[in-house]
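> Sequence:
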Amino acid sequence: MFSSKKRLDHAYKNAKVISFNDSSKFILFSDCHRGDNSFADDFANNRNIYFHALKHYSKEGFQYCELGDGDELWENISFTSILNAHKNVFMLMKQFHKEGKLHMIWGNHDMVYRNPNYVKKHLSSYFDPKIGEDVELFGNIVYNEAIILKHSETGQELFLTHGHQADWWNFLFWKWSRFLVRILWKPLNVMGIADPTSPAKNYKELIKVERRTKKWISENNNLLTIVGHTHRPRFPEPGDIAFFNDGSCVHPRSITGIEIEKGEISLIKWHIATKDDGTLQIVRTVLEGPRKLIDYKTE
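For what it's worth, our numbering labels the leading residue of the sequence shown as 58, then goes sequentially.
If you're looking for bench data, these hints aren't it; they were derived computationally from the structure. For clarity, every value in this text was computed on a predicted model and none was experimentally measured. Glycine included, every Cβ here is placed at the ideal spot set by N, Cα and C. Please note: incorrect hints may appear among the correct ones.
Said to hold, decoys possible - So the derived label-pair ranges between C-beta atoms look like this:
| no. | residue 1 | residue 2 | range |
| --- | --- | --- | --- |
| 1 | G335 | G189 | 42 to 48 Å |
| 2 | E117 | K144 | 22 to 28 Å |
| 3 | G335 | K70 | 51 to 57 Å |
| 4 | K187 | N71 | 37 to 43 Å |
| 5 | K187 | D352 | 49 to 55 Å |
| 6 | V199 | I298 | 26 to 32 Å |
| 7 | G196 | K319 | 30 to 36 Å |
| 8 | I188 | D334 | 28 to 34 Å |
Said to hold, decoys possible - Pairs of lysine-lysine residues, derived as DSS-like cross-links and limited to a Cα-Cα distance of at most 27 Å, are as follows:
| no. | residue 1 | residue 2 |
| --- | --- | --- |
| 9 | K326 | K271 |
| 10 | K178 | K265 |
| 11 | K73 | K63 |
Could you put the whole structure together from the sequences, leaning on the hints where they help?
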């Protein structure tokens with residue numbers, strides 16, 4: 058059986074390389090699990106926060122990297138129902154794509170996107186009932202298993218992937234998991250019962266997945282690695298194992314992500330806060346950092 062090491066090696070070897078420098082700006086989100094706006098759609102609770110955050114990053118000239126599980130294609134059979142539920146979000150993502158600033162990675166919940174024909178068929182365009190014809194959405198978009206951000210001056214590499222490579226069940230048996238989620242867990246989820254196959258809901262599994270990933274990082278010269286999958290934000294100190302996790306967009310009432318700007322890395326949270334006059338606003342809070350990327354570089 059393919060080991061975590063082999064799966065991560067494979068993802069690294071086949072990663073798309075993007076050159077960047079200290080003037081580049083990236084926002085990394087993952088695990089949005091965009092659904093169909095039904096009771097089981099975890100993203101629906103945070104979609105206004107997410108939309109506001111993404112609008113901010115678009116205005117500020119950031120590039121957007123999505124580290125897998127963007128669309129919830131286990132609970133939902135069709136992308137169309139997801140698109141219709143969160144049209145404003147996809148129109149904003151389309152803007153990033155048009156500017157060449159959208160970089161997509163597939164995870165276990167949207168593993169169908171590793172098939173370029175599926176992506177072409179479902180994501181290139183959508184039917185607009187207003188004008189009665191197909192309109193371009195993400196024309197020529199390519200989903201990757203991993204991305205390497207390579208600093209043009211220092212040569213430092215940042216390895217970005219979903220992280221389910223270290224989770225053998227969700228990597229190898231994702232179709233079986235998808236079947237269970239659709240038939241069994243979606244109805245139970247509505248009643249508040251969690252899916253035990255998900256490392257985000259199963260603490261023992263989460264620890265194992267993190268341990269395997271850290272082992273791989275250690276064996277690869279402490280390569281700065283950023284993943285999602287477990288939904289647990291991680292931000293190490295320089296000198297520790299360089300294992301970062303951007304969290305998820307389905308935390309209760311907040312989303313977390315990782316910003317890369319001015320050659321520095323930060324873990325951030327967008328959430329709803331109450332002003333003194335009782336009105337609500339969406340605010341950005343820095344949880345960890347900023348830290349210089351170069352501080353994580355090993356010779």
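> Next, verify each hint and record whether it holds.
Going through the hints against the structure:
1. G335 <-> G189: 42 to 48 Å: holds (46 Å)
2. E117 <-> K144: 22 to 28 Å: holds (23 Å)
3. G335 <-> K70: 51 to 57 Å: At 54 Å between Cβs, range holds.
4. K187 <-> N71: 37 to 43 Å: holds (40 Å)
5. K187 <-> D352: 49 to 55 Å: holds (51 Å)
6. V199 <-> I298: 26 to 32 Å: holds (30 Å)
7. G196 <-> K319: 30 to 36 Å: holds (32 Å)
8. I188 <-> D334: 28 to 34 Å: Given about 43 Å between the Cβ atoms, the range is violated.
9. K326 <-> K271: Holds. K326 to K271 sits at ~24 Å (cutoff 27 Å).
10. K178 <-> K265: violated (36 Å)
11. K73 <-> K63: Cα-Cα ~18 Å, so holds.
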